[in-house]
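**Q** Sequence:
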Amino acid sequence: NELSIVCPEANVPAGLPCDGDWRALGSEGPLGFTLTGTVETLAEPMAAAGISIFFISTYYTDYLMVKEKELQIAVLALRQAGHIVHLT
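According to my numbering, the sequence shown holds residues 462 to 549 in order.
Errors might be hidden in some of the hints.
[Claimed, not checked] Derived CB-CB ranges, DEER-like: (1) P474 <-> H547: 26 to 36 Å; (2) L548 <-> A508: 15 to 25 Å; (3) T519 <-> D480: 16 to 26 Å.
Read the hints as simulated data drawn from the structure, not as lab findings.
Quick reminder that beta carbons are idealized off the backbone N, C-alpha and C, glycines included.
From just these sequences and the hints, can you work out the full model?
**A** Quick look at the structure:
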């Protein structure tokens, strides 16, 4: 019943609703469709840190999206959970 488009904020036409200031953290892939628990291992540290997430799964990669203002807290939480995080 709806359509959500994820794109750079600069590409959003004027007058359309936009929830901006998201940063994407991509997992190294490809991740097979039979692999389970990927979202959970990334979402649990975010929930424990009180960070809301937006998750996108594609054929090759999963993306954990967090608000810009919470990026550093998210990275710290992921690292403390044993994930390796590289920011570019």
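**Q** Mind listing which of the numbered hints don't hold for this structure, in increasing order?
**A** none
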